[in-house]
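With the hints as a guide, dock the two chains, each given alone in a separate frame, to form the complex.
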Amino acid sequence: MARILLFASIKDRAGTGRIDVPLTAPTPLRAVLAKAAAAAGIEEGILSRGCALFAVNQETVPLDHLVNDGDEVALLPPMSGGR
Amino acid sequence: MARLQREDFDIGVEIRGLADRYPGAGAVVSFLGTVRDFSKGEDIQKLVFESYEGMAEKELDRLERDARGQFDILDCLVIHRFGEVGVGDNIVLIVVASAHRPAGFEACRWMIEELKRRVPIWKNEFTTTGRHWVEEHP
Numbered sequence: 001m002a003r004i005l006l007f008a009s010i011k012d013r014a015g016t017g018r019i020d021v022p023l024t025a026p027t028p029l030r031a032v033l034a035k036a037a038a039a040a041g042i043e044e045g046i047l048s049r050g051c052a053l054f055a056v057n058q059e060t061v062p063l064d065h066l067v068n069d070g071d072e073v074a075l076l077p078p079m080s081g082g083r
Numbered sequence: 001m002a003r004l005q006r007e008d009f010d011i012g013v014e015i016r017g018l019a020d021r022y023p024g025a026g027a028v029v030s031f032l033g034t035v036r037d038f039s040k041g042e043d044i045q046k047l048v049f050e051s052y053e054g055m056a057e058k059e060l061d062r063l064e065r066d067a068r069g070q071f072d073i074l075d076c077l078v079i080h081r082f083g084e085v086g087v088g089d090n091i092v093l094i095v096v097a098s099a100h101r102p103a104g105f106e107a108c109r110w111m112i113e114e115l116k117r118r119v120p121i122w123k124n125e126f127t128t129t130g131r132h133w134v135e136e137h138p
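Chains as they are written, first to last, in the working numbering: chain B, 1 to 83; chain C, 1 to 138.
These aren't lab readings, by the way, just hints derived from the structure by calculation. Since the model is a prediction, treat every value here as computed from it, not as a measurement. The beta-carbon is built from N, C-alpha and C at its ideal position, and this holds for glycine as well. A few of these clues could be false.
Said to hold, decoys possible - FRET-style restraints, in silico, Cβ to Cβ: (1) B/Arg30 - C/Lys58: 22 to 30 Å; (2) C/Thr127 - B/Glu43: 35 to 43 Å; (3) C/Gly86 - B/Arg30: 25 to 33 Å; (4) B/Ala34 - C/Lys40: 30 to 38 Å; (5) C/Leu32 - B/Ile42: 34 to 42 Å; (6) C/Phe38 - B/Gly17: 26 to 34 Å; (7) C/Ile112 - B/Ala39: 36 to 44 Å; (8) C/Arg117 - B/Arg49: 17 to 25 Å; (9) C/Arg21 - B/Asp69: 40 to 48 Å; (10) C/Arg21 - B/Ala38: 52 to 60 Å; (11) C/Ile11 - B/Pro22: 43 to 51 Å; (12) C/Leu32 - B/Thr60: 25 to 33 Å.
Just chain C, with the same shape it has in the complex (with noise of 0.2 Å):
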């Protein structure tokens, strides 16, 4: 599954969502990323992400389809923010099922970096001195 939305979500709820539903899993492995208060010695305000709408979905649903045949996992999710988020506040989880722990963890680091590689979502930082879009990724 994998969404893009502008509202919060709640971890618990997705977390314990996908376990129920495979009783054969004996890994449910996440990734949260959230937004930190400094960047490159600056105070962090806000983040605004900015997505291409159409292709952001279709690349979440490709990324998720993708990782469901190469990883040995029972199943995936990506939930993506767009849109204003504020210091503390959830930008992306990705959760995965699997029989077994190895490859639910390297599935879902598989995930973010490509997700950051190939989804058409922007951040745009605003500090106290201006804001900028972070492009770099290393």
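In isolation and in its complexed conformation, chain B is listed as follows (with noise of 0.2 Å):
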């Protein structure tokens, strides 16, 4: 299972903070967040729309990354901006 953690406004959009996904083999990062949109009922959009970066065990990683089961993957909205 890999655990993925919402932030900010995505946490809002998603109406929840965290989202379970099973695993069974190395998966893309971009295939997880189907996962993850179709197991909390959500459309795809709006996990990946709106991201800054992604990262998988607190470093970032390009979409195409393999996430693996156990993993902690983190979707991560613009940070605090700001003039």
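This is the structure in structure tokens:
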């Protein structure tokens, strides 16, 4: 199982701060997001749109990164903005 | 040194503390971010900062290390608060000690811009008409 953590605006739009996704094999992050959206019953765009960065185990990664069972995935909207 | 904390900090203690550790420092440059009372024509009531605990601390540490590696400075510190902060309150402090002022100013400016780009902390503005996340970064 991978644990998907949602923050700030993405958390508000999804209506949850955490989605658990069962994984049986290393899976590209892009596909994990699709599984997470399906598990939460929301549109995939809610998870992928509005993300500035993705992190796996607290390190930023690209969308083709392979997610393993037990990983912590974080969806990070643009950071604390302001002029 | 990098810290993520809920409680306020004393800018005098922090600036003096860094300056006193470095007799070779001829410049101590600081940036203090505070809560202003307006945003896009609305009155701000408070801000709530949400952080990704664990990664935010790691990225603050990395920011501090990177600044020491990239600029000709003696040392630097960064402190960022999370949770609820009111109008006029302190949010973030960056202090840079250097032998000469140009490197200090450059490093301080770089650190606050980088912090806003890569440290996972988000600002939720509460105004008289509701709340919203601030995600633009001009």
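Tested hints:
no.: 1; hint: B/Arg30 - C/Lys58: 22 to 30 Å; verdict: holds (25 Å)
no.: 2; hint: C/Thr127 - B/Glu43: 35 to 43 Å; verdict: violated (28 Å)
no.: 3; hint: C/Gly86 - B/Arg30: 25 to 33 Å; verdict: violated (41 Å)
no.: 4; hint: B/Ala34 - C/Lys40: 30 to 38 Å; verdict: holds (35 Å)
no.: 5; hint: C/Leu32 - B/Ile42: 34 to 42 Å; verdict: holds (40 Å)
no.: 6; hint: C/Phe38 - B/Gly17: 26 to 34 Å; verdict: holds (30 Å)
no.: 7; hint: C/Ile112 - B/Ala39: 36 to 44 Å; verdict: holds (38 Å)
no.: 8; hint: C/Arg117 - B/Arg49: 17 to 25 Å; verdict: holds (19 Å)
no.: 9; hint: C/Arg21 - B/Asp69: 40 to 48 Å; verdict: holds (46 Å)
no.: 10; hint: C/Arg21 - B/Ala38: 52 to 60 Å; verdict: holds (54 Å)
no.: 11; hint: C/Ile11 - B/Pro22: 43 to 51 Å; verdict: holds (49 Å)
no.: 12; hint: C/Leu32 - B/Thr60: 25 to 33 Å; verdict: holds (28 Å)
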